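Undergrad: With chain V held as given, fit chain Y onto it using these hints.
Residue numbers (the numbering used here), protein chains in the order written: chain V, 1 to 241; chain Y, 1 to 132.
Just so you know, these hints were derived from the structure itself, not from any lab.
None of these values were measured; they are calculated from a predicted model.
In this text, a Cβ means the ideal position worked out from N, Cα and C, and glycines have one as well.
Mixed in with the good hints there might be a few duds.
Covered by chain Y, per the in silico footprint, the following chain V stretches (three or more residues, Cβ under 8 Å) [what the hints assert, rightly or not]: (1) 120-133; (2) 152-158.
A few chain V positions that, by computed beta-carbon distances, are all more than 12 Å from chain Y [stated by the list, open to error]: (3) Asp-8; (4) Ala-48; (5) Ala-65; (6) Asp-71; (7) Gly-74; (8) Phe-85; (9) Ser-104; (10) Ala-136; (11) Asp-137; (12) Thr-172; (13) Gly-173; (14) Val-185; (15) Ala-196; (16) Asp-209; (17) Thr-223; (18) Gln-230.
If you want the building blocks of each chain, they are given just below.
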Amino acid sequence: MGTVVSFDVPFSARRDGSLDEAIRWLHWVDLVFSPYRPDSDVSLLARAEVDVDGCVPEMAEVLTACAFVSDLSGGYFTAAPGGQFDPSGYVKGWAVERAAALLSRAGSADHLVNGGGDVQCAGGRGAGGPWRVGIADPLRPGRLALVVSATDCAVATSGTAERGPHILDPHTGQPASGLASITIVGPSLALADACATAAFAMGPARARDWTESLEGYAAFAITDAGDTWQTPGFGRHISPA
Amino acid sequence: MRRTILAVTATVAGLVALLSFKTHSSERTVATPQPSATLPPGEREITGNVANTAYGPVQVQVVVATSKIVRVNILEQPSSTTRDVQIGQFAFPKLVTETLSAQSARIDSVSGATYTSGGYIKSLQSALDNGA
Numbered sequence: 001m002g003t004v005v006s007f008d009v010p011f012s013a014r015r016d017g018s019l020d021e022a023i024r025w026l027h028w029v030d031l032v033f034s035p036y037r038p039d040s041d042v043s044l045l046a047r048a049e050v051d052v053d054g055c056v057p058e059m060a061e062v063l064t065a066c067a068f069v070s071d072l073s074g075g076y077f078t079a080a081p082g083g084q085f086d087p088s089g090y091v092k093g094w095a096v097e098r099a100a101a102l103l104s105r106a107g108s109a110d111h112l113v114n115g116g117g118d119v120q121c122a123g124g125r126g127a128g129g130p131w132r133v134g135i136a137d138p139l140r141p142g143r144l145a146l147v148v149s150a151t152d153c154a155v156a157t158s159g160t161a162e163r164g165p166h167i168l169d170p171h172t173g174q175p176a177s178g179l180a181s182i183t184i185v186g187p188s189l190a191l192a193d194a195c196a197t198a199a200f201a202m203g204p205a206r207a208r209d210w211t212e213s214l215e216g217y218a219a220f221a222i223t224d225a226g227d228t229w230q231t232p233g234f235g236r237h238i239s240p241a
Numbered sequence: 001m002r003r004t005i006l007a008v009t010a011t012v013a014g015l016v017a018l019l020s021f022k023t024h025s026s027e028r029t030v031a032t033p034q035p036s037a038t039l040p041p042g043e044r045e046i047t048g049n050v051a052n053t054a055y056g057p058v059q060v061q062v063v064v065a066t067s068k069i070v071r072v073n074i075l076e077q078p079s080s081t082t083r084d085v086q087i088g089q090f091a092f093p094k095l096v097t098e099t100l101s102a103q104s105a106r107i108d109s110v111s112g113a114t115y116t117s118g119g120y121i122k123s124l125q126s127a128l129d130n131g132a
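Okay, chain V solo, but in the shape it has when bound (with noise of 0.2 Å):
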């Protein structure tokens, strides 16, 4: 899928094998999930040459997370952006929560992974208290807009600013605009980033409205005005600087 993701992992996940075998989930995730190659299930799912049934058993629970977030968001979010068959809106936040549900399942109490910008994290960062995440400035390259006090939960920001206008609105099949970026913070990084994806499509007012109403997630938004607002639910998790 044409991403990076780091891990901060206790040594003990080096040891234990949990480190690598959370590498070889992710490019397991690559291999079968990635648009851009011809014969993964999702390549051979869009074009129709097989169905559900002949694909991995995670494309099923792929597409219910997909048709779930789909009602939740009233259709702003589409595993068929631009009407091509493509499930990373989603893939790509689950991945790295599962990733990160696999050093847990080998007793790592405290880690963080970040795939491409979205974070999935478990305790803290040992004696030193929260993870801090830097949330950046879609508007000033190399700066950060705040930092987010993280324990057990998912960080995901969806932008414009690396690769230009790339989230449609599935509603009108134009990119969408009025917001630089909008941060979802919650217990999944999966539920995180797709609600981040369709709350972007969505524009400020709607996405306003409709991150308010998610119970446990709560966002904080970059106009492309450089104007700010969050839910009511978001102050707690701000770090002090």
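TA: Below, chain Y alone, put in the same frame as chain V:
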């Protein structure tokens, strides 16, 4: 500082580049490192290998002082299209920020828009390997 270069190396060793970019032609493979200016006492430069990516070659150099990365210089980056240059202007500062913050006691990670810069990671890894 809580983290030493050992911890940074351990973190970077866990970086995975999932590279399945679309084909993107680039002929430049020869690195042209910039001449180094005189370094302050205690600092040393370690140059990474050229990493060839689908978008073109990437090469980075780290400046280390007392077992800590203090700067990252981008020696080579994809520049065959205007788009590559625009992306580089955004992506590399963010990657450098993340590299430096990875060893900061104050910031552990950065959340932001997706980047596709496997070459940066590869070249950075080789710089750390060369310096070990």
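Undergrad: Compare the structure with each hint and give your call.
TA: Evaluated hints:
Against chain Y, the stretch 120-133 of chain V contributes 6 residues with a C-beta closer than 8 Å to a partner C-beta. That satisfies the three-residue criterion, and the hint holds. Only residues whose beta carbon comes within less than 8 Å of a beta carbon in chain Y count, and the stretch 152-158 of chain V has 4; three or more means the coverage holds. The claim that V:Asp-8 is not at the interface with chain Y is violated, since a C-beta of that chain comes within 12 Å of its own (minimum 6 Å). Every beta carbon of chain Y lies more than 12 Å from that of V:Ala-48, the smallest distance being close to 22 Å; the non-interface claim holds.
Under the 12 Å C-beta cut-off, the non-interface status given to V:Ala-65 relative to chain Y holds; the minimum distance is some 19 Å. Non-interface status of V:Asp-71 relative to chain Y is upheld: no Cβ of that chain comes within 12 Å, the nearest being about 25 Å off. No beta-carbon of chain Y comes within 12 Å of the beta-carbon of V:Gly-74; the shortest separation is about 24 Å. Its beta-carbon lying about 17 Å from the closest one in chain Y, V:Phe-85 satisfies the requirement of being farther than 12 Å from that chain.
No beta-carbon of chain Y comes within 12 Å of the beta-carbon of V:Ser-104; the shortest separation is about 16 Å. Interface exclusion of V:Ala-136 from chain Y breaks down, the closest Cβ pair being 3 Å apart, not more than 12 Å. With a minimum CB-CB distance of about 8 Å to chain Y, V:Asp-137 fails to clear the 12 Å threshold, and the non-interface call is violated. Distance check for V:Thr-172 against chain Y: the nearest CB is about 21 Å away, which clears 12 Å, and the non-interface claim stands.
Annotated as non-interface, V:Gly-173 keeps its C-beta farther than 12 Å from every C-beta of chain Y; the closest such distance is 21 Å. Residue-level check failed: V:Val-185 sits 9 Å from the nearest beta carbon of chain Y, not beyond 12 Å. Once the 12 Å rule is applied to beta carbons, V:Ala-196 is inconsistent with being away from chain Y; the minimum gap is 10 Å. Remark: the non-interface label on V:Asp-209 is consistent with the geometry, its nearest Cβ contact in chain Y lying 23 Å away (cut-off 12 Å).
Every CB of chain Y lies more than 12 Å from the CB of V:Thr-223, the least distance being 15 Å, so the non-interface label holds. Every C-beta of chain Y lies more than 12 Å from that of V:Gln-230, the closest at about 14 Å, which supports listing it as non-interface.
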